[in-house]
Every structure is written in C-alpha cells, then in structure tokens.
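Residue numbers (my numbering), protein chains in the order written: chain W, 1 to 242; chain C, 1 to 242.
These are calculated hints, taken from the structure and not from any lab test.
Treat the numbers as computed from the prediction; the structure is a model and nothing was measured.
Worth double-checking, as some hints may not be accurate.
A pair holds if it fits inside one copy or across any two, identical chains being indistinguishable in the list.
[As the list claims (entries may be wrong)] In silico lysine-lysine, DSBU-like type, Cα no more than 30 Å apart, as pairs:
| no. | residue 1 | residue 2 |
| --- | --- | --- |
| 1 | K74 | K50 |
| 2 | K182 | K139 |
| 3 | K170 | K198 |
| 4 | K20 | K182 |
| 5 | K164 | K50 |
| 6 | K209 | K139 |
| 7 | K6 | K75 |
| 8 | K75 | K139 |
| 9 | K75 | K34 |
| 10 | K34 | K74 |
| 11 | K90 | K139 |
| 12 | K179 | K34 |
| 13 | K99 | K170 |
| 14 | K198 | K117 |
| 15 | K185 | K198 |
| 16 | K75 | K117 |
| 17 | K224 | K34 |
| 18 | K224 | K198 |
| 19 | K139 | K13 |
| 20 | K74 | K6 |
| 21 | K198 | K220 |
| 22 | K198 | K179 |
| 23 | K220 | K164 |
| 24 | K6 | K146 |
| 25 | K224 | K179 |
| 26 | K74 | K182 |
Number of protein chains: 2
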Amino acid sequence: MYNRIKAQFSSDKNLIISLKNIFGFWPENIALYKLALIHRSAATEQSGHKISNERLEYLGDAVLSSIVADYLFKKFPYREEGFLTEMRSKIVSREQLNKLALKLGIDHFIISTQDSKTYFRSMPGDAFEALIGAIYLDKGYIFTRKMVINRIINVHFDIDDLEKLENNFKSKLIEWAQKEHKEIKFNVVAEVGSGNRKQYFVEITIDEKLYATGCDFSIKGAEKNAAEKTFIQLQLDKTSEN
Amino acid sequence: MYNRIKAQFSSDKNLIISLKNIFGFWPENIALYKLALIHRSAATEQSGHKISNERLEYLGDAVLSSIVADYLFKKFPYREEGFLTEMRSKIVSREQLNKLALKLGIDHFIISTQDSKTYFRSMPGDAFEALIGAIYLDKGYIFTRKMVINRIINVHFDIDDLEKLENNFKSKLIEWAQKEHKEIKFNVVAEVGSGNRKQYFVEITIDEKLYATGCDFSIKGAEKNAAEKTFIQLQLDKTSEN
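Excised from the complex, chain W in its bound form (with noise of 0.2 Å):
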C-alpha cells in the first residue's frame, strides 16, 4: 500500500501527493493514474496498440454516471425519472466535468501536445472521467462511490444551482446574442411532408450570416437543433481565433 513514507521514495512522489491532495486518498496502482493523464494527443505505440487515457475515460464515464444515478435516486426519493436524468446530464456534462477539472487544478497534470490544449476543449474533464476509471480499477465500485460523493459531488456541485440551470440551447444563444450585441434570428425555411409526419427546416442567422440549419417534426426540436450546430460553430471559430 501507498503511504506517505512510500511515496517520498517513489518516482512519481510529485503525482502521488497530488492526487492524495486532490482526491484525499493513497494511490495504491499508480501506472492507472499516469495512463488516464496521458491525452491522446500524446499517445504512444506499443506493440501496435495506442497507450492513452481513452479507455479509462470510456470506463470512468460510465461508472460516475452510475455513481451520480445511484446518489440522485436517493437524493430525491419523490422526483420522477424525467427529472433525475435531466439532474445527471447536468452534474456530467463536458462543461460541468472540465470546469470540475480546472478547479480540481487537474489539468496541470496532463500529458498532451502543447497545440492539442486549445483544439481539445474538453480535455481536462475527459481525464477526470479516466480518472474515475483509475480510481474504479484501483479500490473498487463502493470506495470510488464514496469518494465521488463525499469529495466531489458534496463538495463542488450545487445541486439548487443546477436544477436552475438553463440547458436550452436555444435560450442559451439568445442569451449570447443580446450580451455581445448581435441580431440572431431564427427562421422557418421549409415544411416538408404532411400530418404528423412533416418536418420542419429551421435557419439560423447571426448578423444576417448562416449559422446552421436544424430540421425536425417540431418547430421547437428544429430549433433546437440548429441552436446546437450553431453552438458547436461558435466554439469552432472561438478555438481558430486563439
């Protein structure tokens, strides 16, 4: 077992320590943490096979999604079912997790390409999540269960806060529009098909340019299609002018 002795005398003594501080508990297979801090950026080869973090982030996402289903389950035993997913997309979306990650100060600790820091936006909250997976292959389900909820959830999650929180794209860009003082508009610019089975193609503009256009059976889904298109295209042209 890892303990503060040990971990003067081992190699990775800095990391050890931070992950004791950031995490409140002794690593014991240490090898798991290195791998979920090495971005794929900066994969290696071996044997044919790319050593990166994206395994464990695969394996961490799915046991913290099962971590936070489980805590809001009996967080709020008279809630529906509608309302606890909406609560879980919520606590693990990408930037709930990458804010979580810049916090917890994780993302010093990752290996990357120097470039890759801008272009993969949400490399910091894709190694939490392998991170996770770390912690889950080391010490169990029930010792990472605990650790999540005490440590993470408990200590950095509002859950008020984000039952309040808006998750409408398309709210979101309006939002957007009136701070930076731009004309959005959402336009119907076709109908195709009849009764329930005819769609709806909705444009969006931002000072008379094209963003995107959703389609959809609703008005409503069709713009909230192309308020999602129209976020990606944002951060895109935010990331190229960095």
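Go by the hints and put chain C onto chain W.
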C-alpha cells in the same frame, strides 16, 4: 434472508421462486422487485407520487451500463474505446434487452394495462432494467455485477455474434426493403451553406412515398439521420396496424 422455506410462507411465493429461477438467488427486499414490475400504464398514485418502475429503470440502466463497460474493458484489453462503446451500445440496446427479457420470461410478471402491451414495445426490456435497479439496491454493486456477468452476459450474449451485428440504419433499411420487395431511394435534395459549414439534406422515399428527411454536415450523416427517422416511422406504421 429469504430462503426456500421462507418463500413457501410468503404471499409472494410465486414471484420469489420465479426470481430465484431467473436470476439464481433469493431476493431479500421483495417490495423492490414488485415495484420493478409495475409498468407506468398501471401506475398508482400515493400521496401525489406516481408509483411505477420508471425510477428503478433509470437506476438499472445506469448500473447495467457501468457493469457492461467494465466487463468489455477487461475482456478486450487491446481494443480501443470506439470499439468498446459500440459493443456496449449493442448489448444494452432496446432491441437486445427486449429479446433477453422475453427469453427470461419477465414479460409474464409485468403489471400493465391490457392494451399497453402492443403500444409500449420496449416494456419487457424496461422491466429488465428496473429489475437490475432492484437487485442493485437489494444486494449492492458487486453482487449485481457478478450476477449480470455470470447469468446474463455469459449465458445469453454471444459477443462474437454481436461484433458482426449491423447497427447501421442505412444498410438495415436497404436489407429490409429488398426482403419486402420495396423500392427505397436516398436523394440529396439540398445543400445549404459552404465550406465546412455546408449541410446536406437527404430524403428517403419508399415506393415513391416520402418517409423522412435528414440533415447533417456530411451526406453520410444526413443519410443516417434520415434512415433513423424512417425506421421510427416504419415501426409506428407496424404498431398502428396491430
């Protein structure tokens, strides 16, 4: 603890013995399993709260995803994240879980309204997920994981077969159309925007009747989008024919 003798004297004797036969263990808190079998069409109200299996389904879905993610992670140590994600979504797909639930005979124990059986096609799979949620609450993660791997995945899933399973909506549609002697067409009907913001609109017609339009930044994506919508339409047709 429930055991064979105790079960004999319970008013839920039949259910307890059936659960033992299906999952291989004696349930402790039988109330959880009974709740897992109440479809929302037969939900009752209790002090303003709807009593059905939907909350347990939400929980079971997350726990099952985590267990399957872990199982595949360890079974395929050299496969990349994309493969693992795809395999998992095949195992926990609505279609697979429905088949599994029918095979296990879970449908015989579901409490629902008569006509809902044809309308809610995923009822057996949903109840299976809710039962996983019940087992998790009753027996914990480690027990549930062992049970799912030993009695479900290892017995009822052929991982090699699943690997070959075609999850591509376009090829599925084409295959279906050939079998049914129907003429299916994928037409690019519009291109909007330019450069890497160009979006494609694809229409699917079956025997010259328009079924769905899809849009995406690539023709392939737009086809997939439209094919998925067509699939839903075809299933709706089938249901309303019943």
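Hint-by-hint comparison with the structure:
1. K74 x K50: So K74 and K50 pass the 30 Å test across copies only (16 Å; inside, 39 Å).
2. K182 x K139: neither (51 Å within a copy, 55 Å between copies)
3. K170 x K198: both (22 Å within a copy, 21 Å between copies)
4. K20 x K182: neither (46 Å within a copy, 63 Å between copies)
5. K164 x K50: Answer is between; shortest inter-copy Cα gap is 23 Å, intra-copy 41 Å.
6. K209 x K139: Neither, since 52 Å and 57 Å both go past 30 Å.
7. K6 x K75: neither (39 Å within a copy, 32 Å between copies)
8. K75 x K139: both (24 Å within a copy, 19 Å between copies)
9. K75 x K34: between (34 Å within a copy, 22 Å between copies)
10. K34 x K74: between (33 Å within a copy, 18 Å between copies)
11. K90 x K139: For K90 and K139, the Cα distance is within 30 Å both inside one copy (26 Å) and across copies (28 Å).
12. K179 x K34: This pair counts as neither: shortest intra-copy Cα distance 42 Å, inter-copy 52 Å.
13. K99 x K170: within (22 Å within a copy, 38 Å between copies)
14. K198 x K117: Intra 43 Å, inter 27 Å, cutoff 30 Å: inter-copy only.
15. K185 x K198: both (22 Å within a copy, 19 Å between copies)
16. K75 x K117: Classified as neither; 37 Å inside a copy, 32 Å across copies.
17. K224 x K34: Answer is neither: 39 Å inside a copy and 38 Å across each miss the 30 Å cutoff.
18. K224 x K198: So K224 and K198 pass the 30 Å test inside a copy (17 Å) and across (19 Å) alike.
19. K139 x K13: within (20 Å within a copy, 39 Å between copies)
20. K74 x K6: between (38 Å within a copy, 29 Å between copies)
21. K198 x K220: both (13 Å within a copy, 22 Å between copies)
22. K198 x K179: between (35 Å within a copy, 27 Å between copies)
23. K220 x K164: within (21 Å within a copy, 38 Å between copies)
24. K6 x K146: within (25 Å within a copy, 34 Å between copies)
25. K224 x K179: within (20 Å within a copy, 36 Å between copies)
26. K74 x K182: Close neither inside one copy (44 Å) nor across copies (51 Å); limit 30 Å.
Violated hints, in rising order: 2, 4, 6, 7, 12, 16, 17 and 26; the structure is consistent with all others.
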